[in-house]
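Novice: Respectively, the protein sequence lines represent chains A and B.
Just so we're aligned: 51 in my numbering is position 51 of the first sequence, and the numbers increase by one with no gaps anywhere.
If you want my numbering, it's the position in the second sequence, counting the first as 1, plus 1000.
This list has only true hints and no planted wrong ones.
As a list, the in silico DMTMM-like pairs of lysine to aspartate or glutamate whose alpha-carbon atoms are at most 20 Å apart:
hint, chain 1, residue 1, chain 2, residue 2
1, B, 1059, B, 1341
2, A, 31, B, 1118
3, A, 31, B, 1241
4, A, 29, B, 1254
5, A, 31, B, 1125
6, A, 31, B, 1228
7, A, 50, B, 1201
8, A, 31, B, 1266
9, A, 31, B, 1267
10, A, 29, B, 1266
11, A, 29, B, 1225
12, A, 50, A, 68
13, A, 31, A, 57
14, A, 29, B, 1118
15, A, 31, B, 1119
16, B, 1360, B, 1058
17, A, 50, B, 1219
18, A, 29, B, 1267
19, B, 1360, B, 1179
20, A, 29, B, 1257
21, A, 31, B, 1225
22, A, 31, B, 1254
23, A, 29, B, 1119
24, B, 1356, B, 1201
Derived DEER-like restraints, expressed as beta-carbon distance ranges:
hint, chain 1, residue 1, chain 2, residue 2, range
25, B, 1261, A, 32, 18 to 26 Å
26, A, 53, B, 1181, 39 to 47 Å
27, B, 1375, A, 32, 39 to 47 Å
28, B, 1181, A, 11, 51 to 59 Å
29, B, 1082, A, 32, 24 to 32 Å
30, A, 71, B, 1367, 44 to 52 Å
FYI, nobody ran anything at the bench for these hints, they're computed from the structure.
All values reported here derive from a predicted model rather than from experimental measurement.
Cβ atoms here follow ideal geometry from the backbone N, Cα and C, with glycine treated the same way.
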Amino acid sequence: MSETDERADVTVDAVGSSCPGPLMDLIGKMKSVESGTVVELLSSNEGTEKDLTEWTEQSGHELVDIVDHGDHQSYYVRKR
Amino acid sequence: MTERIVIVGAGTGGIVLANNLAEELATEIDAGDIEVQLVNDGEDHVYKPTWLYVPFGEKTLADATRPLVDLVDDRIDLTIDRVDGVDTDDKTVSLAGAGVDESYDHLVLAMGAQVTPEETPGLAEGGHHFYGPEGAAALRDELAEFTEGHLVVSVVGVPHMCPVAPLEFALMADAWFRDRGLREDVDITYTYPIGRAHGIESVAEWAGPLMDGRDVEVETFFNAERVDPDTKTIHTVEGRELDYDLLVAIPPHDGSDLVREAGLGDDGWVDVDPNTLEARGADDVYALGDVADLPTSKAGSAAHYAAGALADRLASIARGERPTAEYDGKTVCFIESGTDEATYIAFDYEESPTPKPPSKLIHWSKLGYNRSYWLTARGVL
Ligand SMILES: Cc1cc2nc3c(=O)[nH]c(=O)nc-3n(C[C@H](O)[C@H](O)[C@H](O)COP(=O)(O)OP(=O)(O)OC[C@H]3O[C@@H](n4cnc5c(N)ncnc54)[C@H](O)[C@@H]3O)c2cc1C
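Taking the hints into account, I'd like the entire structure generated from these sequences.
Specialist: Okay, here's the thing in structure tokens:
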């Protein structure tokens, strides 16, 4: 377990979802959490990294870390 | 012992399944070996795609409904009641009105999706939608009065029913205002949650230039967090603000509390095997249509094709045979791209769709299908 793993306040499991499911699941969660919350998104979709990088750049929420678990990835995003 | 199949929900998925089972298992049902019970919380079957045309005065709410008794095969035990509990250990469902528990050997959940505009603060008060009968009728009245200003078509909830309905609404509104000579006085903006105009990449590639050509402004990465009905402003998760005069939103959707309470899916959508439609959380439970968490769109065609495959599987199981039919994710969506032309997309779990050039013929096919839909509901088509 990496340091960031322990810092996630909420986890959204979108493993197996096809694009744009994972990003949408994350955004849905971001609507309901407080500013400063770190949300971990679990995704196995290869398009997620690009979608998420673009979205965080546009929205100002911070993509803190990406951890590769082999068959899926964890994306940590902090709500601004 | 009579083997009991209980289906909850007589929408597109539930009714096609019930009527297919009536046909496939006619002998067993007549002999009293198998019973199929279809439970729905209203007396009518509702064909939701009709609602897209209601705001433009092209269809009425009555066009969307038919009494279930006229559509459901006599071999099916049709029960009008609301299921308010599912016990997968005892293998029973409870009927709220009758206050009884019905036992099942095989349970199929087909409760569809619910719209929950109240989930987004200010949206129910400040916005309109065409995702329910009252909403579609209220929007028709509002549109009839709307002669100038900023119309915003905003996809707030994802996943939502019919992946293409928001695009269709924006393109139909453009044509409708043009036909009425008002287009110069109406600005139209379409907003979408991710970085392109549609979730399906090929549809986004097709729709982007089309919207551009029709002078429909497209805002991407736009996720409404709240709506201020007084100032008529949408505030987004991305920190943006957009003013509107008339907001037509695709509201957030929810699955069913029954699903959550029965431990069949945390988000209210039933966690299923996408090919066999078997629930992962319990034995002998299946889900199809919008309430199933499937990697395809929440579309009537998906519910229809899944129901065909599930009918084959359940008929095999009921006869003691090994089921081999599987649902491959087949989905077909017509896309209205104005008031007199349309295209369509067809795809499955493996194949992505490619929209064809819009034509009048496809538009008439969509209208024709809407009429012949009642044959689909009967299990004929
Ligand atoms: C505006 C609009 C346009 C659309 N256009 C298209 C289109 O062009 N093409 C397309 O393919 N799809 C379209 N769709 C989507 C399509 O209507 C749905 O995907 C389809 O109806 C799903 O079928 P279903 O059987 O899963 O659920 P539904 O058809 O929603 O049926 C669910 C049924 O379950 C009942 N029910 C719910 N809870 C309970 C309970 N607890 N107890 C008893 N009964 C219950 C409901 O009353 C309902 O009768 C559109 C949808 C909308 C809203």
